[in-house]
Amino acid sequence: MFSFKSKAFHARSFQSLASSERSERAREFFTGLLPSTLQNLAPQRSYFMSGLRVRFAPSPTGYLHIGGARTALFNYLLARKEKGTFVLRIEDTDVARSTQESVDAILQAMEWLGLSYDEGPFYQSERFDLYRQKVQQLLDSGKAYRCYCSAEELEARREAALKEGGKPKYDRTCLRRTEAPEGSPYVVRFQVEDEEGVTAFDDRIKGTITFRNDELDDLIILRSDGTPTYNFVVVVDDAEMGINLVIRGDDHINNTPRQILMYKALGYPVPGFAHVPMILGADKTRLSKRHGATSVMVYREMGYLPEAMVNYLVRLGWSHGDEEIFSMSDLIDKFTLEAVGKSAGVFNPEKLLWLNAHYIKTGDPARLGKLLLEYLAAEGIDATRGPDPAAVVVTLRERARTMVEMAKGAAFYYVPEVTYEAEAAAKFLTEAQRPVLESVTARLEALETFDEEAISQAFGMVMEETGLKLGKVAPPVRVALTGSTVSPSVYEVIAVLGREQTLQRLRRAAAAIS
RNA sequence: GGUCCCUUCGUCUAGCGGUUAGGACACCGGCCUUUCACGUCGGCGACACGGGUUCGAGUCCCGUAGGGAUCACCA
Numbered sequence: 001m002f003s004f005k006s007k008a009f010h011a012r013s014f015q016s017l018a019s020s021e022r023s024e025r026a027r028e029f030f031t032g033l034l035p036s037t038l039q040n041l042a043p044q045r046s047y048f049m050s051g052l053r054v055r056f057a058p059s060p061t062g063y064l065h066i067g068g069a070r071t072a073l074f075n076y077l078l079a080r081k082e083k084g085t086f087v088l089r090i091e092d093t094d095v096a097r098s099t100q101e102s103v104d105a106i107l108q109a110m111e112w113l114g115l116s117y118d119e120g121p122f123y124q125s126e127r128f129d130l131y132r133q134k135v136q137q138l139l140d141s142g143k144a145y146r147c148y149c150s151a152e153e154l155e156a157r158r159e160a161a162l163k164e165g166g167k168p169k170y171d172r173t174c175l176r177r178t179e180a181p182e183g184s185p186y187v188v189r190f191q192v193e194d195e196e197g198v199t200a201f202d203d204r205i206k207g208t209i210t211f212r213n214d215e216l217d218d219l220i221i222l223r224s225d226g227t228p229t230y231n232f233v234v235v236v237d238d239a240e241m242g243i244n245l246v247i248r249g250d251d252h253i254n255n256t257p258r259q260i261l262m263y264k265a266l267g268y269p270v271p272g273f274a275h276v277p278m279i280l281g282a283d284k285t286r287l288s289k290r291h292g293a294t295s296v297m298v299y300r301e302m303g304y305l306p307e308a309m310v311n312y313l314v315r316l317g318w319s320h321g322d323e324e325i326f327s328m329s330d331l332i333d334k335f336t337l338e339a340v341g342k343s344a345g346v347f348n349p350e351k352l353l354w355l356n357a358h359y360i361k362t363g364d365p366a367r368l369g370k371l372l373l374e375y376l377a378a379e380g381i382d383a384t385r386g387p388d389p390a391a392v393v394v395t396l397r398e399r400a401r402t403m404v405e406m407a408k409g410a411a412f413y414y415v416p417e418v419t420y421e422a423e424a425a426a427k428f429l430t431e432a433q434r435p436v437l438e439s440v441t442a443r444l445e446a447l448e449t450f451d452e453e454a455i456s457q458a459f460g461m462v463m464e465e466t467g468l469k470l471g472k473v474a475p476p477v478r479v480a481l482t483g484s485t486v487s488p489s490v491y492e493v494i495a496v497l498g499r500e501q502t503l504q505r506l507r508r509a510a511a512a513i514s
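Residues in the first sequence are numbered consecutively from 1, following the numbering used here.
Derived from the structure by calculation, the hints contain no laboratory data. Among these hints, one or two may not hold up.
What the hints assert, rightly or not - Dumping the calculated SDA-like pairs for lysine to any residue here, alpha-carbon to alpha-carbon at most 25 Å:
1) K284 x K334
2) K370 x K81
3) K81 x W112
4) K427 x A378
5) K81 x S329
6) K167 x N213
7) K334 x L371
8) K206 x M278
9) K169 x F211
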């Protein structure tokens, strides 16, 4: 079983936990599952978990986007499948660009998707003491050195090197420096040793990847303002938090060899790596705002269900034979890194929409009914009075692909007075149709039970009486009840609306003909 | 430009030396039908290219081309 090496981390982890109500809740949840004698072990980690420790480490500089969500999902799925531990860490070492709003947005999006974590969220901004200590360790052991070159100098040298066709690599001016300039600002660089050698790792998705060490730069690990940089803290934290498999976007492949060198220099075991391919836009470039919505929470606003998003995201780059539909528990059962593809995938909103329609069609009407209320409210419709939302969902679920579409389609049920579409009224609310409306009104009024079966029979009698086919009877009724020529089946609409509303709308329509 | 990664229908993918190269989304058409949908049946449509290895390559190897990522005191 894993044990924490660093006292500093031990103390700080509790500090972070205490700062987060969410992780308190997670802790209580797991604690409740344990025998009372073991409960005081629970805060650190649950005893029934396996050794796998993975993490999601977003940078809080914006909302949770599609790509990040998929990375988080893969981590989550593998942790749950292997009964491992899923750690959430907030990478906010760039204090200027990080915001609490972004942290909240990311947490909210993960909750919406159903991605729960076991430890964290840990904030790197609260762990600077640890990082400085580790920088000092490297300095003391001669594996890092101070560099006094200014950012402007470096930039100039980089450009010069590039212009001559050379590599924009740090020239190690300060490694050879014998006398440190008194009081000058400096950064700390990690020294890449063994320049003749290679650094290789066996990526769980991509296979073996090898880099020549002389391609690697002496990267900056501590800025002149004393704050550490990403490539360093990610190593320290992943090691200190006992992460043994790093699942992240493949834009990090190029960072991996120097991170491995730092693990070794700090005396840490090197974790496994799994680099998941990027998500591209339709033009095959990295997904960005100009490709449309990339924030997962914007999809919620657009009426998407979280299970559709999860299902779509996982199938983008992963497959299980010919299967397309996966619930979260299916995925926890079936997900493997071996079945993750190597190549980047194009984000296809059409397929997401199809999946969303599927989950609307098959979802629990009571749950969707509650959701519908929220989307109706967003449309400015008060649905506190009127038909049961669950019944409304049943009439609309086969013709709405998003909850927003459903809300628009459901509006007529709840408006106090239907607005007739001009063309619909002109065609179906005319003197010629008045007898039909009156006959339907009379038959429905006489009904003892008001269900679809009885309603259907009533229409049968109307057709007999008037000698008209349903194709002539239904349209004026539809317009009278919904204001539109497009709606669910009129029988369903009548049943859901109820006798009182139906008759009232029928009479109003007949009266409107004049 | 250097380095690294990738390459089966428009898109997501199945395939793990022998298949009429399968499925899904999208698109087109038929059927169903009280509107719109749903559903259902069918159609269109791919192994980037060139060399090898092999009795036999989408599958293995090497090139080429194309695409992507990365080269910061961002993460």
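Check whether the Cα positions of K81 and W112 lie no farther apart than 25 Å. Holds. K81 to W112 sits at ~20 Å (cutoff 25 Å).
What's the verdict on K370 and K81, does the C-alpha distance respect the 25 Å limit or exceed it? Between K370 and K81 the Cα gap is close to 31 Å, so the pair fails against 25 Å, i.e. violated.
Check the hint pairing K334 with L371 against an upper bound of 25 Å on the C-alpha distance. violated (29 Å)
Given the hinted pair K284 and K334, is their Cα-Cα distance within 25 Å? Distance of about 29 Å is beyond 25 Å: violated.
Is the straight-line distance between the alpha-carbon of K169 and that of F211 25 Å or less? holds (15 Å)
Decide if the proposed pair is consistent with the structure: K206 and M278, CA atoms, cutoff 25 Å inclusive. It holds: about 13 Å lies between the C-alpha atoms, which stays within 25 Å.
For K167 and N213, compute the direct alpha-carbon distance and say whether it is at most 25 Å. Distance of about 14 Å is within 25 Å: holds.
Would the pair K427 and A378 pass a check requiring their Cα atoms to be no farther apart than 25 Å? violated (32 Å)
Satisfaction of hint between S329 and K81, Cα-Cα up to 25 Å: holds (9 Å)
Consistency note: the structure conflicts with the earlier hints numbered 1, 2, 4 and 7.
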